[in-house]
Structures are given as C-alpha cells and as structure tokens.
Amino acid sequence: MTEIFITNIQNEVQSKNILDFFKIESPELEVSFDLNETVKTYPCGHTILRVEGDTINLERILTSLGNLGYSCEILQDKVCI
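1 is the number of the first residue of the sequence shown in our numbering; add one for each residue after it.
One or more of the hints may lead you astray.
[Claimed, not checked] Below, a list of computed lysine to aspartate or glutamate pairs in the DMTMM-like style, where the Cα atoms sit at most 25 Å apart: (1) K16 with D54; (2) K16 with E52; (3) K23 with E12; (4) K16 with E59; (5) K23 with D54; (6) K23 with E73; (7) K16 with E3; (8) K16 with E30; (9) K23 with E52; (10) K23 with E3; (11) K23 with E59; (12) K16 with E28; (13) K16 with E73.
Hints are computed from structural coordinates only; laboratory data are not their basis.
Given only the sequences and the hints, what does the whole structure look like? Please build it.
If you want it as structure tokens, here you go:
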C-alpha cells in the first residue's frame, strides 16, 4: 500500500528530521520526500511525503506531523493557479 501526502516541509534538514522520526516510530514503513515544489505557498507549493507499507495509519501520520509543527494532508486532485 502507498499513501501520498502534501506537506509544508521546506528543506532537506526538516525532511531528514521527519525521516529519522519515522525510522524510530514506524520502522516498518518506507518513507521518502520529494522537495521540488516549494516556490508557491502551501498547499499549491508543497513537498510530497510518500509512505509505503503493509498497513498505514493515516491519522497517526497526520497527527504526528502536526505535533511536530508541520502541515500535512492526503494528496487530492487540485488545480493550482
């Protein structure tokens, strides 16, 4: 199973901190980032958080990132101008 989220994580330092967090809290998950879309403001300017695993607890991911001070939501089809 794969879930894709958009986040307001802006740089490699922040993404590394999140990856380290998930390695400790959810080592069974494969977590990666795409930091390419950060020029526009969130949510149209965003980074992609990709989570892969047999079982993915969406609420836990959303809550964990929120508790760490980041915005995160499940990727939906949006038209950004």
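Which of the listed hints are broken here?
Going through the list in order, the structure violates no hint and respects every one.
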